[in-house]
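Residue numbers (our numbering), protein chains in the order written: chain F, 99 to 405; chain E, 3 to 420.
Stretch-level coverage of chain E by chain F, calculated; a stretch enters the list once three of its residues show a Cβ under 8 Å from a Cβ in chain F:
1. 85-94
2. 185-198
3. 239-246
4. 385-393
None of these hints come from the bench; they were simulated from the model.
Every residue gets a Cβ at the ideal spot worked out from N, C-alpha and C, and that includes glycine.
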Amino acid sequence: MATPSKPQFRWHIAVFLAPAVLVYTAVMIYPLFNTLRLSLFSEVDQDRVWVGLQNFRTLFGDAVWSDQFWNALANNAWFFMIHMIVQNPIGVALAAILSSPHLRFSAFYRSAIFIPTILSFVIVGFAWKLILSPIWGIAPGMLDSIGLKFLYQPWLGKEEYALTTLSLVSVWQYVGIPMMLIYAALLSIPDEILEAGECDGITGMAAFFKIKLPLILPSIGIISILTFVANFNAFDLIYAAQGALAGPNFSTDILGTFMYRTFFGFQLQLGDPHMGSAIASAMFGVILVGVCIYLFGIQRRLRNYQF
Amino acid sequence: MKITTLKGALLATTLFSATAATAQDATLIIESWRNDDLVIWQDKIIPAFEAENPGIKLKFTPSAPAEYNAVLNSKLDAGSAGDIISCRPFDASLALYDAGHLADLSDLSGMANFSGVAKAGWSTDDGSATYCVPMASVIHGFIYNKDVFAELGLEVPTTEAEFFATLDAIKEDGGYIPMAMGTSDQWEAATMGYNNIGPNYWKGEEGRAALIAGEQSLTDEGWVAPFRQLAKWGSYLGDGYEAQTYPDSQNIFTLGRAAIYPAGSWEISGFNAQADFEMGAFNPPVANSGDTCYISDHTDIGIGMNVATENPEAAKIFLNWVATSEFSNIFANALPGFFPLSNATVELQDPLAQEFISWRGKCESSIRSTYQILSRGTPNLENDTWNASVAVIKGVESPEDAAMRLQNGLASWYAPQQ
Numbered sequence: 099m100a101t102p103s104k105p106q107f108r109w110h111i112a113v114f115l116a117p118a119v120l121v122y123t124a125v126m127i128y129p130l131f132n133t134l135r136l137s138l139f140s141e142v143d144q145d146r147v148w149v150g151l152q153n154f155r156t157l158f159g160d161a162v163w164s165d166q167f168w169n170a171l172a173n174n175a176w177f178f179m180i181h182m183i184v185q186n187p188i189g190v191a192l193a194a195i196l197s198s199p200h201l202r203f204s205a206f207y208r209s210a211i212f213i214p215t216i217l218s219f220v221i222v223g224f225a226w227k228l229i230l231s232p233i234w235g236i237a238p239g240m241l242d243s244i245g246l247k248f249l250y251q252p253w254l255g256k257e258e259y260a261l262t263t264l265s266l267v268s269v270w271q272y273v274g275i276p277m278m279l280i281y282a283a284l285l286s287i288p289d290e291i292l293e294a295g296e297c298d299g300i301t302g303m304a305a306f307f308k309i310k311l312p313l314i315l316p317s318i319g320i321i322s323i324l325t326f327v328a329n330f331n332a333f334d335l336i337y338a339a340q341g342a343l344a345g346p347n348f349s350t351d352i353l354g355t356f357m358y359r360t361f362f363g364f365q366l367q368l369g370d371p372h373m374g375s376a377i378a379s380a381m382f383g384v385i386l387v388g389v390c391i392y393l394f395g396i397q398r399r400l401r402n403y404q405f
Numbered sequence: 003m004k005i006t007t008l009k010g011a012l013l014a015t016t017l018f019s020a021t022a023a024t025a026q027d028a029t030l031i032i033e034s035w036r037n038d039d040l041v042i043w044q045d046k047i048i049p050a051f052e053a054e055n056p057g058i059k060l061k062f063t064p065s066a067p068a069e070y071n072a073v074l075n076s077k078l079d080a081g082s083a084g085d086i087i088s089c090r091p092f093d094a095s096l097a098l099y100d101a102g103h104l105a106d107l108s109d110l111s112g113m114a115n116f117s118g119v120a121k122a123g124w125s126t127d128d129g130s131a132t133y134c135v136p137m138a139s140v141i142h143g144f145i146y147n148k149d150v151f152a153e154l155g156l157e158v159p160t161t162e163a164e165f166f167a168t169l170d171a172i173k174e175d176g177g178y179i180p181m182a183m184g185t186s187d188q189w190e191a192a193t194m195g196y197n198n199i200g201p202n203y204w205k206g207e208e209g210r211a212a213l214i215a216g217e218q219s220l221t222d223e224g225w226v227a228p229f230r231q232l233a234k235w236g237s238y239l240g241d242g243y244e245a246q247t248y249p250d251s252q253n254i255f256t257l258g259r260a261a262i263y264p265a266g267s268w269e270i271s272g273f274n275a276q277a278d279f280e281m282g283a284f285n286p287p288v289a290n291s292g293d294t295c296y297i298s299d300h301t302d303i304g305i306g307m308n309v310a311t312e313n314p315e316a317a318k319i320f321l322n323w324v325a326t327s328e329f330s331n332i333f334a335n336a337l338p339g340f341f342p343l344s345n346a347t348v349e350l351q352d353p354l355a356q357e358f359i360s361w362r363g364k365c366e367s368s369i370r371s372t373y374q375i376l377s378r379g380t381p382n383l384e385n386d387t388w389n390a391s392v393a394v395i396k397g398v399e400s401p402e403d404a405a406m407r408l409q410n411g412l413a414s415w416y417a418p419q420q
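Isolated chain F (complex conformation) (with noise of 0.2 Å):
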């Protein structure tokens, strides 16, 4: 019985994979290179026509465009570093303490920190605005009970601390996600490992800077990316706090809503697909060359360890 049998093509595979390749294609990879298409093209007179990188040229080269583009970068850039300085060392502070054995109820500060992260932008845009709000929020008067109102400001509607209050509200939505992920890696550190530091006299916050620290480093990097990825992309909260033209003066305009408001138009701004597809295509290319920086030069650096 030694007839040498061709290896059947395994079709299942093929079936079992088919859904998901095909539903991704459909919504994300066709509408992405159809974006890129639609960026080298330009509307004269009622007809499509190809332009090449004239869109391009346009957004970097004229200042109308370019200083829009520059303006929303900067905030995106500022918009990322707030959730990096803070929304992460917060989550990874939070993990540490929820992991601590000795920490009673929790699993209650667990979700409840979680919490905001399920709720819609709406709702945290919109709570708060209310918060924070000089007329209604309770902002104005908690500080004025502690004797602090002179440190009160409209925030949201001052130029120079919109976008910060914004990004710290964005932080306090997301700080669940990094704090649900060290958690989780921190929780899977043996303690042998722990055990055997402590036999060399490493105990407490020594333990955790020496041990843990590096072994949830890798966690840390994906957090970053992600983090980065979300906030390049980001666009909800600022729209639904500070409307289309993220005022006050542009200094909450983000990428997301400056593509926005060129793609659809806003009021008597006519949509421009075209160029709202450039800004689209630019930044994807900004969150490519992020994404490859940390894969080529920081994610090949973190050591995994196999326990």
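Start from chain F and add chain E according to the hints.
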């Protein structure tokens, strides 16, 4: 033989009655973004029209305001749009006309009932073709709390000096916010600020036409003066007005916490329902006593015909009816604050709406300066005017700088201004 004849006769009657039935049941579908008005159409407007025009049925199918333009465009492209199209003013509808979706209605007999200003919102740039019947406009001015004015012994201001004296008096009393407006949503500063008080300075249509023709520029005195007024407004708005939104302002006023509200007439029905004090209105104060006053009487809603309609005759009958005083009366009284644009006389029941419409008799009407032609390019003049008006009210930009910025932006793409 007989049987065949009978059959033929039967067939003929069936065919005849079938065609008669379709002719009787010409159904016109109306596209609109005014989903707030659904009840008014169903209960008042449609029954009134159908009673007079048996054989034509109307169906009002509104979509959400923010989605209307996009939904309508895709329906028109797909050939599934209704017979009657509600028209946004200016470029959005002009684009539909240019794309061959809206029929030219210049020859419609009812068009004679409308003035040139009324038709401007739905005419080609040279005015040669009008493609929508003007339906409603909104008038800008100031609504005030009569109780507060009586309590503080204030008179309705007619001049700029009196206006600021009134504001000072309210501020001095300290019990009320002099003026309820915020800059968070930005558009109020331009629409209820700049374009509300502006026509008095640029002399309404005269200045607006000169700006479009390139004979005046935004740095001329007539166009900078309204910014100088706005620059003084900041100190009369409530604490934290920088983060105050449009609904905040509405609530502050209807709760009786503010004395004056820079308004558009569309607020009337909402305010009537919310406020439990008596309200009055005054038109934007003029610079010197005795000057001609100008108001922003802005064309807002029009109604036109889809070129692809199967019932063009029925659609024209309906559009002619929209141009009559009968429609105007039903519409204006059902929606106080949206004023009919036809020259026909209209009896309004609402006292506040009466006050607003009475200004048409004593002042010159104009429309918002940025809406026709001037907001076609990049940078968009309307959006920039929002931004500049807010910056001036906050005091972060001087009136002259703001005007210069707008002028530079406009001149960068608009040939007559170069």
